[in-house]
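S.K.: Let's have the full structure, built from the sequences with the hints guiding it.
There are 2 protein chains.
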Amino acid sequence: MSDKLLYEQVYEKIRNNIMNDYYPAKSKLASIRQYAKSHNISTTTVEKAYHQLAVEGYIASRPRSGYYVMDIHNIKPTSKKRTLKPITYHNHPNDQITPCMFDSKVYKRMLNQVLNYNQESLRKPCHPNGELELRQEIQSFLREERNVLCDVNQIIIGAGIQSLLHILLGITQNQSVMYLEPEFTKAINIFRQYDYKTIAKDNFPDLLKTESDFLYISPSNMYPSGDILKVNDRNKLITWAHTYDSYIIEDDYNYLMRYNSQVIPAIQSFDDAHVIYIGSFSKTLLPSLRMSYMVLPPKLYRLYHKRYFNFAQSVSKLEQLSVANYMKSGLYYRHLKKLSKLYKDKNEIMLTEIKRYQNNQFTIRSTDANLHIVFDFNNKADKDLFIERCHELTYKYQIINDSNSIIFPYSGIENKDIPKVVKTLLKP
Amino acid sequence: MSDKLLYEQVYEKIRNNIMNDYYPAKSKLASIRQYAKSHNISTTTVEKAYHQLAVEGYIASRPRSGYYVMDIHNIKPTSKKRTLKPITYHNHPNDQITPCMFDSKVYKRMLNQVLNYNQESLRKPCHPNGELELRQEIQSFLREERNVLCDVNQIIIGAGIQSLLHILLGITQNQSVMYLEPEFTKAINIFRQYDYKTIAKDNFPDLLKTESDFLYISPSNMYPSGDILKVNDRNKLITWAHTYDSYIIEDDYNYLMRYNSQVIPAIQSFDDAHVIYIGSFSKTLLPSLRMSYMVLPPKLYRLYHKRYFNFAQSVSKLEQLSVANYMKSGLYYRHLKKLSKLYKDKNEIMLTEIKRYQNNQFTIRSTDANLHIVFDFNNKADKDLFIERCHELTYKYQIINDSNSIIFPYSGIENKDIPKVVKTLLKP
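Read top to bottom, the protein sequences are chains A and B. Every position in the first sequence, counted from 1, becomes a number in my numbering once 829 is added. Every position in the second sequence, counted from 1, becomes a number in my numbering once 829 is added.
Hint data in this document are derived by calculation from the structure and do not stem from the laboratory. Errors might be hidden in some of the hints.
No copy is singled out in the list; a pair is fine if it fits within one copy or between any two copies.
Below, a list of computed lysine to aspartate or glutamate pairs in the EDC-like style, where the Cα atoms sit at most 16 Å apart [unchecked claim]:
#, residue 1, residue 2
1, K1135, D1213
2, K934, E949
3, K1059, D900
4, K1184, D1213
M.R.: Given below as structure tokens:
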């Protein structure tokens, strides 16, 4: 029997004797030497056991007197085996991406590069803002692709929109946020967590008449319509932000998904003092990658600078550096081009197939942007039939405000399967 | 010149003419056919340019009449090149891990396994709680290593302590948190963000007399002393939680770093209804990996279940599944054993070397746990000399409450360099 096991046995025996009151509180234990002799074991073993008992507080040593049992009010460990209701979380096949939309080989190469050449960096904690290499790449990307000019320090990396909003709301002292319906729950809920007043609007002119500290909006691709905020409305919005000294939170997650019109510059490029720009890699790289970034206006950056030590970076360095490599190599840009074409093709096939079944049962909207189509059914029965068929396919759908309108995502449907799927969903 | 470039040129020319008032508001544009003819270009090109201008709101078409210029209140893009003060964030060589503490080859194998065999899963979004594979592994790990019994659904994965606390504070309606000084700023600050009353205590008996909704504590390895919460105090703490119906947040990040006494069971094992257990992979796997987990008491899990759709998972699936593989293969357990020995060896070498220079200038504490040592200097001059030498080496140190006591981390110093480093820091 090993010495370690023996000392644990001694420790447990004495502990049990204390817990069962065989060794009453305040009683004196045998000296180490006595205990060792009477049990025929080494003093080292007894010493270790006594030490552990003392560290945990079962006994205490009094100088030049010996070890005494502590007065312990005993609490037994709970040992209930609990079984709780799991969260039923479905992954709908139509709401994913198809294999051709993610190049795992290239991403693997990027990861391995970091593991081979950046080991020293990986062993150090993350920079609070995010790694400089990644922020530099995002800076160039934003300048080239989104007309966003900013200093590399204004960029903060975070694990998704929620992590970034927690930082934003941690450095500002505001109280209200406005948005156009339908709300993006995962973002607006963060404001609710901080007891913000949330102001929902269903039309743009109303919004311009209302005061609010923040406005949450996706001006380059509004949800679910896919419309661009028209230039006049954009300018009115900037004037609005000036008037009330408010901040526009520009969530630009889906700027790329436009098919028959050009991508327009970010609203941040028109007023970098009143716009907080937020971008993400979820739609362009991998839905299960949690990596977003925000560009703070200079005034807010200065507030962040004062309090940065309060915030921990939330994205692992390995993934930050891998994506930085991906961008630096130019492969990310090539991927975006390819993706843009794949999105457009899929969109065209969807529209062609839907038109085959288009009679007076429904009209479609949001056909020029995004990876969903909005069906406006003319009556409830047709809508219900569509929903029933979605259920059969375990497909995702979203009903707009109790109406006969349905948002239907299609990013996860392979092009070759689209004719069959559309037939199944829309056949009379 | 490609068609795309041509249409962009037409678009830009017309847009500039509108912005410069050459085409005044409300004026009618040439028809597509006219414009094409007069510029000797195809109607398709003009149509694309007009479409883009209409999508962005510079012009609008009136049915059976033609295209008209909109009345635009012009705002020019900002184009200031800003340069802002960066955050000076130092990576101190003594506060990292040494190369032998991270096996990059094994971790690379785990990542590549996921990229080879779990591609379909990677293309789907993350489960809000975290991937089931990882939660199952954490469940067994906690049962075997920390005496923590829980259902797999009680486990929530998050990108560090801050992400987890945001979820916790998002499902509870509490108002106060208590902790023993010195505070762990990154955690306590989250409570401040939600306007919690923060109650700092400098001794344990005081803490037991005070009411608070939450208590934030690391009972298996208190900071910076490395002490274990004695069994009597632990029991008093559980009684305290019952009395006030409060929650103990058990931050167990450093349970493993004990050298001359056994690791003790988590306090969660004694009362799973009043303890929120939090663990992390930062100290055992890689400091730049952002992955932690919390075990919610059943009552809090039920609240989370009602609101889970408000929260997004913050850890990328690739890393979740890689760590799950690492645990499942048994290699993580082997790594922990190795790490435990490496920590102990380094600790012993440090203590031996420090003893060479120990005269009546200082005493040391916190020698039996953690990867730092506390030096209590007898006078300011000796403390200042030590600090000066830390600066020369760009080493990290932390002064405790304006005293002559200094917390000195040593995890990043290679064993072979320890004699030289200790000499440099402590020579008379």
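S.K.: Provide an ascending list of the numbers of those earlier hints which the structure does not satisfy.
M.R.: Hints 1, 4 are the ones this structure does not satisfy, whereas the remaining hints hold.
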